[in-house]
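**Student:** One letter stands for each residue in the lines below.
Number of protein chains: 2
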Amino acid sequence: MGGDHGPPVVLPAVVRALGVLPDSVRFQLHGDEATIQAGLAKRPDILARCEIRHAERVIAMDEKPAQALRRGKGTSMWNAIEAIREGEAAAALSAGNTGALMAISRLILRMCGELERPALVASMPTPKGVTTFLDVGANVDCDAERLVEFAIMGEAFHRAAHGTPHPTVGLLNVGSEEMKGHEEVREAHRVLREGRIPLDYKGFVEGDDITRGRVDVIVTDGFSGNVALKSMEGAARFVTGELRAALTSGLAASLGAILARPALRKFRDRLSPPPAAPLLGLNGIVLKCHGGATERDFSQSIQVAVDLARSGFTAEIERNMRRLPDALAEHAVDGADAAQTGAAQGVQK
Amino acid sequence: MGGDHGPPVVLPAVVRALGVLPDSVRFQLHGDEATIQAGLAKRPDILARCEIRHAERVIAMDEKPAQALRRGKGTSMWNAIEAIREGEAAAALSAGNTGALMAISRLILRMCGELERPALVASMPTPKGVTTFLDVGANVDCDAERLVEFAIMGEAFHRAAHGTPHPTVGLLNVGSEEMKGHEEVREAHRVLREGRIPLDYKGFVEGDDITRGRVDVIVTDGFSGNVALKSMEGAARFVTGELRAALTSGLAASLGAILARPALRKFRDRLSPPPAAPLLGLNGIVLKCHGGATERDFSQSIQVAVDLARSGFTAEIERNMRRLPDALAEHAVDGADAAQTGAAQGVQK
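Here the protein sequences line up with chains V and E, keeping their order. So for the first sequence, this note's numbering puts the first residue at 1168; every next one is plus one. So for the second sequence, this note's numbering puts the first residue at 1168; every next one is plus one.
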């Protein structure tokens, strides 16, 4: 029921997705039963693969998370998340209110590990494919343990979503010799480098590596991640705006723009980020589709949800999360040794 | 002597700059006297406005800051900074080793206020002009006082460099309701909002405002600032790279690109950031020109140095810096009141 468009986008997206997904994939549609029935009336074949779960109410797009928690019970969003907890559905997808989705998911599914909030992932286009970049907003203050958790979750997500067997992982830091980054970043670097958590860790990366594709997964705190994501969106918008102005600034340029139009359109498509992002760190798979998602966006998001549900995604994360206390403890011992011997690097594996 | 090109770029840039600057502007040229004499041999009119200060040695581009401090005395860079301290020159400009320039400037000129390192400024293009964005790298860990210092310095720099009488100032934060930013950011927000420091403070801004031009000056810590700057550079590079690929992907597109070429060139020029950035917070004016600067870049940087030297730039910064302890103290009292009464906003002016 959520998003800027609601059922008129979601229902055709379901039809489109079921056209390509194997027969074993089935849907639960949470929302107003009459609306859903009417929207799919002409497609009894699709209705046969859907279970409609009627909900009297919906979470409004502008509702505050606290309010959504108080009065959310029985809404379509609440019911969808509850179905995950009850094992009745393998993944939940919503284009609704992000804050509410996060709060309700956290309450019903609980976090795995010790994160306060689910981490938000951005999938950034690169010349080679996609970089998984997290956290882009939810966890503003992060200690080293949080950063290592992001590495674990981001790596598992990247494998599940893109099929890369061993995604490479980097930790975002600042560049020059004089600036070696926060203590939290350096500590996470030492833990990841030790190798107790089996990730292909490549060390520090910088801001421009996010769209360069040097590693598959880039980890940072929610403050820097949100700033970087929005900065890049702004920069891309500025560049394309300037380009539009440049290409309409004279007759030759305008004619050139007309000739180049199909190429420019392909270029614009390349820039649009994938429409769905998982809320990572929950005991269950929940994806947020952006509010303005089109039918095609929503249908692609369904594909991602299915890929995640079929992968060993959550089990992998849990397995690595269980290794985390040991990795941190070993590191603490090494750190103490190192402080005494002054040879931190030599002592560590 | 510094930068990727040295005197073959610097000397013609001096010639170009002196062609447009008033007669009262004179240069000290620090470096190898024979090279400089030879480079300007055909222009006795220019030589008459330059004082050559011979230096036996130079700081290498790859020298570590600590090494530069130990063996820097008597190099051209060292002498140029000393001339600032002695009041023999009003501004220093170098295209040399950034880390060394920062370390030597800090040692010789000392910091004003309590910053550890000079703040680095990026001048970001926007549809309306330029946003002054700092710190983009030097001060990784920043408390609220540091952030307020950046606001003071950035505002004075923006006025001096761009002639805006009352630049507007924003504090970089993350967006959604659930994420309210670091405690440091919120604290700096409260101090700036109180109005004891006379800045036109507009409150929080987000990453995409950096290239949008919503405010003239955007303040953040050196970690987020460096990440944002590099991310934006990467995004712009990705966008233009994809564009190039799109425009050479077929005959019509290629023909279109040829027709649009002058417009695209104007577009590319618009994107290149100003070549010089001041090291803010020193007791004196020092500018860093990027190593690959062309003759035109270096000549523009000279203009910026002259503008800064002629403005009341450093005096303004000092004046506002002196207001800072009171502003912080008043805030601390208000904060204590607020904690008791639970009405922080009402108590503050």
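These are calculated hints, taken from the structure and not from any lab test. For glycine and all other residues, C-beta sits at the position ideal for the given N, C-alpha and C. Among the hints, erroneous ones may be present.
[Unchecked claim] Simulated crosslink set (BS3-like; lysine-lysine; CA at most 27 angstroms straight-line): (1) E:K1231 x E:K1295; (2) V:K1295 x V:K1209; (3) E:K1295 x E:K1433; (4) V:K1231 x V:K1295; (5) E:K1231 x V:K1231; (6) E:K1433 x V:K1433; (7) E:K1231 x V:K1369.
[To be verified] Listed next, the stretches of chain E that the computed footprint assigns to chain V, with coverage defined by at least 3 CB atoms under 8 angstroms from CB atoms of chain V: (8) 1293-1306; (9) 1400-1406.
**Student:** Are the hints correct? Go through all of them and say.
**Tutor:** Hint check:
1. E:K1231 x E:K1295: Between K1231 (chain E) and K1295 (chain E) the Cα gap is close to 39 angstroms, so the pair fails against 27 angstroms, i.e. violated.
2. V:K1295 x V:K1209: 42 angstroms, violated
3. E:K1295 x E:K1433: Distance of about 16 angstroms is within 27 angstroms: holds.
4. V:K1231 x V:K1295: Between K1231 (chain V) and K1295 (chain V) the Cα gap is close to 39 angstroms, so the pair fails against 27 angstroms, i.e. violated.
5. E:K1231 x V:K1231: 52 angstroms, violated
6. E:K1433 x V:K1433: Distance of about 23 angstroms is within 27 angstroms: holds.
7. E:K1231 x V:K1369: Status holds; Cα separation ~25 angstroms.
8. 1293-1306: Coverage by chain V holds for the region 1293-1306 of chain E (4 residues, Cβ < 8 angstroms).
9. 1400-1406: holds (count 7)
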